[in-house]
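2 protein chains.
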Amino acid sequence: MEVKEITNRDVDFAKWYTDVCKKADLVDYSTVKGSMIIRPLGYAIWESMQSVLDKMFKETGHENVQMPMFIPESLLNVEKEHVEGFAPEAAWVTYGGSEKLEERMCVRPTSEVLFCDHYKKIIKTYRDLPKLYNQWCTIVRWEKTTRPFLRSREILWQEGHTMHRTAEEATEETLRMFNVYKTFQEDYLAIPVITGKKTEKEKFAGAEATYTLEAMMYDGYALQNGTSHYFGNHFAEAFGIRFTDADNTLKTPYQTSWGVSTRMIGAIIMVHGDDRGLVLPPKIAPFKVMIIPIGDVADKLEILKEELNKEEISFKVDDSNKTPGFKFAEAEVKGYPIRIELGKRDLEEDKVTLVRRDTLEKITVPFNEVPKKITELLEVIQKDMYEKAKARRNSMIYTASNYDELKEIAATKPGFIKINWCGDVACENKIKDDTTLKSRCLIEDEQVDGPCVVCGKKAVTKLYIGKQY
Amino acid sequence: MEVKEITNRDVDFAKWYTDVCKKADLVDYSTVKGSMIIRPLGYAIWESMQSVLDKMFKETGHENVQMPMFIPESLLNVEKEHVEGFAPEAAWVTYGGSEKLEERMCVRPTSEVLFCDHYKKIIKTYRDLPKLYNQWCTIVRWEKTTRPFLRSREILWQEGHTMHRTAEEATEETLRMFNVYKTFQEDYLAIPVITGKKTEKEKFAGAEATYTLEAMMYDGYALQNGTSHYFGNHFAEAFGIRFTDADNTLKTPYQTSWGVSTRMIGAIIMVHGDDRGLVLPPKIAPFKVMIIPIGDVADKLEILKEELNKEEISFKVDDSNKTPGFKFAEAEVKGYPIRIELGKRDLEEDKVTLVRRDTLEKITVPFNEVPKKITELLEVIQKDMYEKAKARRNSMIYTASNYDELKEIAATKPGFIKINWCGDVACENKIKDDTTLKSRCLIEDEQVDGPCVVCGKKAVTKLYIGKQY
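Sequence order for the protein chains is A and B.
Take the position in the first sequence, starting the count at 1, then add 1348; the result is the number in the working numbering.
Take the position in the second sequence, starting the count at 1, then add 1348; the result is the number in the working numbering.
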């Protein structure tokens, strides 16, 4: 493996992306069309994400469960908008062994109907509420195209599904988990996100409101990096879920769902990666450090390993018989936040060279200060990666005050565009037809300051638009 | 929920089992035929198992990956014995959305062929070996009957799949992981297991040797609680996997696979449970303690919670407005190893009552000694549960020296029977036809001491037989 095998990201970003996925050993293609193999480094990043998120979910009172993976067709059909959204891309099981099924079942594309079916049985009175469940699982959507982590038939994700006594409580929950995702992505993934409500056209099939986290990739495209939905009681009514409230009347509970997936690994690659490969934010890197011994340094290596263990700094050692140059390149392509060059000559002067992956800066420190310096550096790297991503993102947000400007920016400048909008789906559709840009989310904290950029009528909101993955 | 709702386990063990599964909120039945819902307590036990096992796997050098969940029919067909074993119970996906698939795919019943397909691409030289991969996932087998954790269409499990340079290394790995399972089940689940090789008839489809862990349930039935397989290079040859060895010749690698599943939760229930419900071994209980406040004891409760947190003893508090009696019963049915009765009157005398779930023994201790006493008790309970299970298991192991004796024991005494066996499958089949008992495993550490109990010919091994779940 050589660094030069990775395509330059400014020349062909799509090819650069698949190169990094492959060369960093994150994924492999499979003879199973439409499905990916997640290799050890890719899966370890997912485990690292899971462990942080799972803790955050439990701290906010959620419990994990496991629902069936199959949905009989009649169950999927209970909520009309929902089935229209998901049936066209469902994988249908029609045979069990050699027997044709009386009713075909799809592999879950999402589990709202399965949770509702269960909630109907276990929610009787207000004392049973709220129900705060989450599930880690694989879902299936029969996509036509495959891009590692971004679009594939099988997606590893988590899906929270909660039921509440009142609309207010359910709305609070929707926003609480939306904020958990924002904290996670900004503080752990070092990815700045634009957050807001989806338009009616872009919201989840069956939801009353969808809140989205929109991250901007290096190429200016948007990646929808997680969503939190408020359902009102649509599903609960369709499923006939009722509880006896404290006042002894029968009521219908209010529902939310929220999810993030391995797509976040794609976001890490496309926000932080560079021409040498992956760059992992320290807080999510499965191993913070790669140690590369150069020459016979066995004694010092043992001491260093002990010191790092003591400080709970996770590391790997590349003691293969490849050349140091090859090992440096490999540590870079795999995105270890710091590599330690433990060289015989350096050690004779009691020195060790640390190399930051994000900046490639070399830092020379005395041997016995290595663990302390690494602890400091990891924090600095985490912070710097976030600031760098944010600065780039902000430099690619534009404002269009009329339709010509919008088309001009869309054609020449990758990124997000802020516009005034009348709220009419016809204008949203026209933008998409003319420019391929789609609505990202409503902007809640900015005042409308002009007419709708498309039709010229009175605007009701500001809106981010952008190309998307 | 009342204790009396649980069927007496000596009256109807099967009904007792499903009662415990339901009343302890471990599972719920689903309208999805053949599938189960794993509820929060059931899933938390599985998470607890996963976290211990995953650590043991990683300490023995294994990495987690994620393979596709679908297997195209042609890929399943590559290894002949394997497809014969699994095709009859495969769930077949035939449509993606509204389009009929050119080739149908089954949902993985196990993933040997998927791993081989990947290994063929990534194993080139002896330097790429061993490959030590594991996967946590759900598999599907189209079973006709459903019993929570024991038999259902969807099974949560882990499957290790490894490739090695030599047959010796692969055999070592097979036994290494077999021993990891044994340690886990005995030390953490407090379940004594009988371990050994399966007969030719009972081994895994496509394996050269299958090693099994056989646990005996309260009713004397066997539960196959995990297996480790040595494949030789059957699959590798069928898939054309070759590597260049150090001597520059092309060789075929040797393979293993090994798995345990949520079935182990069924084993915990059926080995340790009693007429009041679930009894969880402390080391695997998601929460070690249930605190039941009686009267106004808010101040002392806060102090106790702090003390338990300091000692990292996980607990729950039942501060609902149910009666103490109801709460005791609920803590019992859910199997918390210890419950703390924090009563106002006891506290006036500086006393607290601890109740062991395994023996129901009440222990009175001074308030400030509670955390220390609990730490001690948890160790004692873990040990006692194992010893109790082992004593009961041992009391239900019999020896039959001729066929009449075998039939007599099989008809009257639940448990395992040791026999001398000639190794002929005809004798194995005859036993099954006459008594429904099946081979559990070969007994390696005992000498043959008589002729085959079935045919009277020379015996080559001793064998455990028993009824099975």
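These are computed hints drawn from the structure, not numbers from a lab.
Just so you know, these numbers come straight off a predicted model, no measurement behind them.
Hints are not guaranteed to be accurate.
Which copy is meant is left open, so a pair is good if it fits within one copy or across any two.
What the hints assert, rightly or not - Simulated crosslink set (DSSO-like; lysine-lysine; CA at most 27 Å straight-line):
id: 1; residue 1: 1448; residue 2: 1530
id: 2; residue 1: 1631; residue 2: 1406
id: 3; residue 1: 1653; residue 2: 1472
id: 4; residue 1: 1448; residue 2: 1766
id: 5; residue 1: 1472; residue 2: 1370
- Query: So which of those numbered hints doesn't the model satisfy?
  - Reply: Hint check: 1, 3 and 4 fail, others pass.
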